[in-house]
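Chains as they are written, first to last, in our numbering: chain C, 1 to 271; chain D, 1001 to 1307.
Don't take every hint at face value.
As the list claims (entries may be wrong) - Simulated crosslink set (SDA-like; lysine to any residue; CA at most 20 Å straight-line):
#  : chain 1 : residue 1 : chain 2 : residue 2
1  : C       : Lys131    : D       : Tyr1042
2  : C       : Lys131    : D       : Gly1063
3  : D       : Lys1220   : D       : Pro1125
4  : D       : Lys1266   : D       : Glu1303
5  : C       : Lys6      : C       : Arg265
6  : C       : Lys260    : C       : Ile236
7  : C       : Lys133    : D       : Gly1063
8  : C       : Lys133    : D       : Arg1018
9  : C       : Lys204    : C       : Pro222
10 : C       : Lys227    : D       : Pro1125
11 : C       : Lys55     : D       : Gly1063
12 : C       : Lys136    : D       : Gly1063
13 : C       : Lys133    : D       : Asp1016
14 : C       : Lys131    : D       : Pro1039
15 : C       : Lys133    : D       : Lys1015
16 : C       : Lys131    : C       : Asp58
17 : D       : Lys1220   : D       : His1090
Just so you know, the hints here were simulated from the structure itself, not pulled from any lab data.
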Amino acid sequence: MYENYKDLAKRIRKDCLHMVHVGQSGHIGSMLSAADMMAVLYGGGFVKVDPKNPKAPDRDRFILSKGHAGAVVYATLTELGFFPKEWMDTYYCDNGKLMGHISHYVPGVEYSTGSLGHGLNVCVGMALAAKEKGEKHKIYCMMSDGDCNEGSTWEAFLFAGQHHLENLIAIVDYNRIQALGFSKDICDLGDFATKVATFGWATKTVDGHDFMDLENTFKALPLEPGKPTFIVANTIKGKGVSFLENTVASHYWHLTEEQKLEAYRELGVEE
Amino acid sequence: MRKIFNETLLKIAEKDPRIHLVLADIGYGEIEGFARKFPERYYNCGVMEQHMTGVACGLAMEGNIAVTYSIANFPTLRCLEQIRNDVCYHNANVKIVNIGGGVSYGPLGVSHHSTEDIAILRALPNMVVVVPCDLQEAEAATYAVFDYEGPVFYRCGYKNEKDIHHRPFKFELGKAITVEDGDDCTLIFCGPIGFEAQKAVEAAREKGINCRLISMHTIKPIDKEAILKAAKETGKIITLEEHNLAGGLGSAVAEVLADEGCLDVKFRRMALPDVNVHEVGSQQWLREFYHIAAPDIEKTILEICGK
Chain C
1 MYENYKDLAK
11 RIRKDCLHMV
21 HVGQSGHIGS
31 MLSAADMMAV
41 LYGGGFVKVD
51 PKNPKAPDRD
61 RFILSKGHAG
71 AVVYATLTEL
81 GFFPKEWMDT
91 YYCDNGKLMG
101 HISHYVPGVE
111 YSTGSLGHGL
121 NVCVGMALAA
131 KEKGEKHKIY
141 CMMSDGDCNE
151 GSTWEAFLFA
161 GQHHLENLIA
171 IVDYNRIQAL
181 GFSKDICDLG
191 DFATKVATFG
201 WATKTVDGHD
211 FMDLENTFKA
221 LPLEPGKPTF
231 IVANTIKGKG
241 VSFLENTVAS
251 HYWHLTEEQK
261 LEAYRELGVE
271 E
Chain D
1001 MRKIFNETLL
1011 KIAEKDPRIH
1021 LVLADIGYGE
1031 IEGFARKFPE
1041 RYYNCGVMEQ
1051 HMTGVACGLA
1061 MEGNIAVTYS
1071 IANFPTLRCL
1081 EQIRNDVCYH
1091 NANVKIVNIG
1101 GGVSYGPLGV
1111 SHHSTEDIAI
1121 LRALPNMVVV
1131 VPCDLQEAEA
1141 ATYAVFDYEG
1151 PVFYRCGYKN
1161 EKDIHHRPFK
1171 FELGKAITVE
1181 DGDDCTLIFC
1191 GPIGFEAQKA
1201 VEAAREKGIN
1211 CRLISMHTIK
1221 PIDKEAILKA
1231 AKETGKIITL
1241 EEHNLAGGLG
1251 SAVAEVLADE
1261 GCLDVKFRRM
1271 ALPDVNVHEV
1281 GSQQWLREFY
1291 HIAAPDIEKT
1301 ILEICGK
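If we strip away everything but chain D, and leave its shape as in the complex, we get:
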């Protein structure tokens, strides 16, 4: 996914001279195209995430669009106050991109997991939070993010993401995409873990359960309409994310349901537990270990449907 993001960024930057890429010495093998093509709009600050974000904000205050880019928590939590006070308070046109959302960098360990970022970033005023699930969605989201004027957190995957969308879709920030139709229950996911959801939904369908599958690629602003429609039409909602249980997609969906008085909906959140993920393993192994891979998702679908 990082490859498609960088390729798309390059295409957009060819047409839009406002776009600057500001780095903190991360991006080997991916950012060189931009650096070669637009050296005058490319800054590697060195290993300085706070400075990277401040510089990006300063560039944006002068009418540019600045992209900060790094892996895991580095472009978000390391410089959170710069994001809050500089980028968000000044509503600066800065796009914050992290590569390796969730536990993409599984065996690298806790320092390289971004498992609280959705919760934290969505709490910031003016911030849009986008979590694309596959390459098609990532490409479409990149165009949308640069069309939008203002701060955006783009939580990118890493590599080898599987295709989830198998039919054409229109991408619009804040408008969820229905990947599979179904009326028995609804599974709302964000990010590449949606592939696990899709496998589970297919397996459940073979057992006679039609589960609606929704990609909630924009966590903020969230698509209330899609959530309420799912609640009304299916009565059962499961959320799935590669993120801490606290404050992420599941919380955002629960907020909508509670605020709108949909308290009779059967509701389950599937996410990483509130722990530091210190077990050693690949992304897929960790998903299985923490019960957010296809077999456990299928079990949850069956359980919520009373099977």
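Isolated chain C, as found in the complex:
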């Protein structure tokens, strides 16, 4: 199973590199840090969705609140068959099929974001709706460090704990870098899991690149009955490509052809 995750994550990374190169666009660091989690969430069937019935009422909802990393979701969804792989050749391009920030006009994408601090609030509304009706699907929100600077995100932390939304799972891709620098130098989130635990959430800190850790965590959801789940996934921005790893520059990096090929070589994939 872990080999499957590894292969899927590798393909997701390659597709992200391809897309940002085609589009000459940024945010590759934020995509690569989330790729392993996407491989487990979707590849492991933890986010239950059906490409043949994308709007099935009992599907799990997944909202990428860090919408700038939309390509990591596109790469995952095309692997599952939601839309043709050729669409990736048009990412960020004129008359393209795939917008830079994640768009619900793409089959399989639940919700559009791009401005930070929107996803978790909407997930809370969806979680309330499911709870009211006794529906069993889960609502996942993937967030970023920068997302957790936004006051609206903390409004959602407060409210979800108050309302015991155990069908809600927030995962922070905690790569510790945001647009202008290291998050500890900008607005230090410190012991993040403990902070959110005081808001009434069940929390766990995991290695966001360790397939076994991720799988075991997702298998155990909800972490505690009657509480929303908050997972701090320690990740490395730009993971898998040495010249991008743990760099602030990877947020806005535009890959040259040579850099893309070098990244492919490091990943062990071919064009």
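Given chain C, put chain D in place with the hints provided.
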């Protein structure tokens, strides 16, 4: 007006289990009926307008109708990006209700005036903007708003609004209502300030001027037909609103006239000037101070008619 809105909402919610009320800790003395009757469809988020709007959108994405409700600018400008990116972009069935449109909360000050909301909300794709003028219209508008599927901004009055409509009318979103007939000029208004317009029109009539009076309760989509008909038949149009001069009803009417080439129409906009309303006073006092109460409206009618 807030009372009739809440009473009507309650009646509609009794029949439609999709309706949820999502608050940001505002509505004392008005929302308790809903909270008692439908506790499972009532959420007070606490003082969190951004979260209120996000939650409402999430509820609506799951097939519900969510109402966000607060006073003045709180449910609109405080959470404008949530309205734009969440509600409008996803065309979510969220009804955004503000209580106290314009300077209803006069002496509370600038923070509690909603004097730019029409301009800002009507610029958002998918948004319908409704500004009822009296209790009858407010009730009819509430039913129409909940029959309509999609985002709506319902700019509600506060209390003690006077009746404007004195004959039966059919309310339809996007279709203006002619309150008084007349062929000498036309006064198009939105909201409870229409009562001032009505007084002015009556006074002008006593001086021999028959001014058509139109309630443009839906600013978006606007009733182009009623505007063009008025332009053609009366040749003179005055707009009146309790809103900043920029971007509101007057601008919307001017856009129609300009787009349709009606450039020979005599046209005046009456609105609040482009200032922060920092003077202290009641709604009526502020209307008079800023020359949008009956005496100044009458003067404008006489002036545009060359009297």
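Results for each hint:
With a CA separation close to 14 Å, the supplied pair Lys131 (chain C) and Tyr1042 (chain D) stays within the 20 Å bound. This hinted pair checks out: Lys131 (chain C) and Gly1063 (chain D) have alpha carbons roughly 14 Å apart, not beyond 20 Å. For the suggested pair Lys1220 (chain D) and Pro1125 (chain D), the alpha carbons sit about 10 Å apart, so the restraint of at most 20 Å is met. The suggested pairing of Lys1266 (chain D) with Glu1303 (chain D) holds, with an alpha-carbon distance near 11 Å, which does not exceed 20 Å.
Taking the CA atoms of Lys6 (chain C) and Arg265 (chain C), the gap is about 16 Å. The hint holds against a cut of 20 Å. The suggested pairing of Lys260 (chain C) with Ile236 (chain C) holds, with an alpha-carbon distance near 19 Å, which does not exceed 20 Å. Of the supplied pair hints, the one linking Lys133 (chain C) and Gly1063 (chain D) holds, its CA atoms being roughly 12 Å apart against a limit of 20 Å. With a CA separation close to 11 Å, the supplied pair Lys133 (chain C) and Arg1018 (chain D) stays within the 20 Å bound.
Of the pairs offered as hints, the one joining Lys204 (chain C) and Pro222 (chain C) holds, with about 11 Å between alpha carbons and a cut-off of 20 Å not exceeded. In summary, the hint linking Lys227 (chain C) to Pro1125 (chain D) is not supported, as the alpha carbons are separated by about 37 Å, beyond the 20 Å threshold. A distance of roughly 12 Å separates the Cα atoms of Lys55 (chain C) and Gly1063 (chain D); the hinted pair therefore holds under the 20 Å criterion. A threshold of 20 Å between alpha carbons decides the hint, and for Lys136 (chain C) with Gly1063 (chain D) the separation of about 16 Å falls inside it, so the pair holds.
Restraint check for Lys133 (chain C) and Asp1016 (chain D): satisfied, since their Cα atoms lie roughly 15 Å apart, inside the 20 Å limit. As the CA atoms of Lys131 (chain C) and Pro1039 (chain D) are separated by approximately 14 Å, the hinted pair is consistent with the 20 Å bound. Under the criterion of a C-alpha separation no larger than 20 Å, the hint pairing Lys133 (chain C) with Lys1015 (chain D) is consistent with the structure, at around 18 Å. In summary, the hint linking Lys131 (chain C) to Asp58 (chain C) is supported, as the alpha carbons are separated by about 13 Å, within the 20 Å threshold.
Using a Cα cut-off of 20 Å, the hinted pair Lys1220 (chain D) and His1090 (chain D) holds, with the two alpha carbons roughly 18 Å apart.
Comparing the model with each earlier hint shows a violation of hint 10 alone; every other hint is respected.
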